[in-house]
Amino acid sequence: MTLSAPTANAPVGGQTITSARPTLVVNNSTATGNAGTVTYHFEVSDVNTFPNDAVRTFTADGVAQGTGGTTSWVLTRDLGPNVLWYWRARATNGTVTSDFSNVETFRTASACTFTVSPTSVSAAVGGGTSTVTVTTDAACTWTAVSQSSFITVTSGATGTGNGSVTFTVAATTSGARTGTLTIAGQTVTVTQQGSNLVAGFRLMDPGRLGSATTTECQIRSLTSVPTQCILESTSFPLGTNTIIGYSWVVSYTYPSDKTLIQSGTNPQFSFTEMCGQTGSNDSGFQLELKVQLTVTDSEGNAVTVRSNAGSQALLTLRAYVCGI
1 MTLSAPTANA PVGGQTITSA RPTLVVNNST ATGNAGTVTY HFEVSDVNTF
51 PNDAVRTFTA DGVAQGTGGT TSWVLTRDLG PNVLWYWRAR ATNGTVTSDF
101 SNVETFRTAS ACTFTVSPTS VSAAVGGGTS TVTVTTDAAC TWTAVSQSSF
151 ITVTSGATGT GNGSVTFTVA ATTSGARTGT LTIAGQTVTV TQQGSNLVAG
201 FRLMDPGRLG SATTTECQIR SLTSVPTQCI LESTSFPLGT NTIIGYSWVV
251 SYTYPSDKTL IQSGTNPQFS FTEMCGQTGS NDSGFQLELK VQLTVTDSEG
301 NAVTVRSNAG SQALLTLRAY VCGI
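Using the working numbering, read the sequence shown as starting at 1 and increasing by one per residue.
If you're looking for bench data, these hints aren't it; they were derived computationally from the structure. No experiment lies behind these values; they were computed from the predicted model shown. Glycine included, C-beta positions come from ideal geometry on N, C-alpha and C. Hints may be right or wrong, so weigh each one.
Said to hold, decoys possible - Label pairs and their calculated CB-CB ranges:
id, residue 1, residue 2, range
1, Gly310, Thr189, 22 to 30 Å
2, Val55, Met1, 33 to 41 Å
3, Gly310, Asp78, 44 to 52 Å
4, Thr152, Asn52, 56 to 64 Å
5, Ala176, Pro206, 34 to 42 Å
6, Thr67, Asp99, 18 to 26 Å
7, Thr143, Asn52, 40 to 48 Å
8, Glu299, Thr191, 14 to 22 Å
9, Asn162, Asp99, 38 to 46 Å
Full structure from sequences and hints, please.
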């Protein structure tokens with residue numbers, strides 16, 4: 001009874017392996033006669049002489065012969081990166097041992113290193129979109145995560161090999177701020193310019209509350225007189241600049257879709273509505289009042305704020321039938 005030498009199947013030819021614990025595969029030995037139980041002995045070394053040195057040559061005995069014509073062994077220890085490794089195997093049934101297979105080679109991948117560029121990004125007051133590139137080996141994986149609430153990763157949250165990460169920075173209505181992202185294990189710092197303006201507005205219902213601030217203007221009248229609602233800017237400059245312009249966009253649906261626009265130097269915007277129109281009822285039909293204010297200063301800076309966003313409250317109208 002004889003056992004032929006197995007033949008190396010994979011990896012072969014110096015193939016680069018990304019796993020630190022690769023799987024070695026041989027084509028099974030063939031036997032003449034009844035071989036009984038056949039197992040395999042594998043050897044891996046960083047030199048082709050396979051010295052009897054546990055530091056340089058790693059071995060496995062008793063690997064059971066596989067079905068389907070091949071036998072596999074997964075290394076049980078991590079191999080060093082960027083090394084050309086030699087490997088071989090032989091078969092035995094405990095009595096007869098085959099010759100070694102042909103010696104084959106594979107290379108472990110280099111340890112992953114990443115170049116991220118740029119690592120410092122400047123953002124304007126109004127926010128914007130920026131892109132960071134990642135350079136690394138083809139098999140290296142990476143992730144991109146924002147560490148700041150005003151920074152959002154929009155593409156490239158994960159990648160393999162070279163790639164890019166795109167993120168947006170939200171507009172700011174206050175001072176300068178700094179945030180970070182972690183991309184491929186490195187910190188990218190985003191510095192956003194501070195606004196020389198603090199923008200904001202308030203709602204008043206003068207017929208009901210006088211000059212007090214409210215979040216709801218009630219459209220109601222005992223005598224069918226139009227109700228006035230007033231929006232007033234609470235914006236102010238932070239330096240020697242002065243506010244020179246206010247642009248208002250106000251929209252709501254009563255009794256149909258309406259958009260009201262005013263631009264100029266007036267820090268107030270007022271509008272009137274009648275009670276009793278379609279949609280009104282005895283208890284007051286509530287609808288959202290959407291407000292956008294853009295404030296411009298003498299240095300050309302502009303800051304936009306919107307209701308129900310940031311520090312601005314949700315604003316509403318409440319429409320009643322007349323006579324209530």
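Outcome of the hint check:
1. Gly310 to Thr189: 22 to 30 Å: holds, 23 Å
2. Val55 to Met1: 33 to 41 Å: Roughly 37 Å apart at Cβ, these two residues keep to the hinted range, so it holds.
3. Gly310 to Asp78: 44 to 52 Å: holds, 50 Å
4. Thr152 to Asn52: 56 to 64 Å: holds, 58 Å
5. Ala176 to Pro206: 34 to 42 Å: holds, 38 Å
6. Thr67 to Asp99: 18 to 26 Å: Roughly 23 Å apart at Cβ, these two residues keep to the hinted range, so it holds.
7. Thr143 to Asn52: 40 to 48 Å: The hint (40 to 48 Å, Cβ to Cβ) holds, given that Thr143 and Asn52 are roughly 43 Å apart.
8. Glu299 to Thr191: 14 to 22 Å: Taking Cβ atoms as reference, Glu299 and Thr191 lie about 20 Å apart, which means the hint holds.
9. Asn162 to Asp99: 38 to 46 Å: Holds, since Asn162 and Asp99 (Cβ atoms, about 45 Å apart) stay within the stated range.
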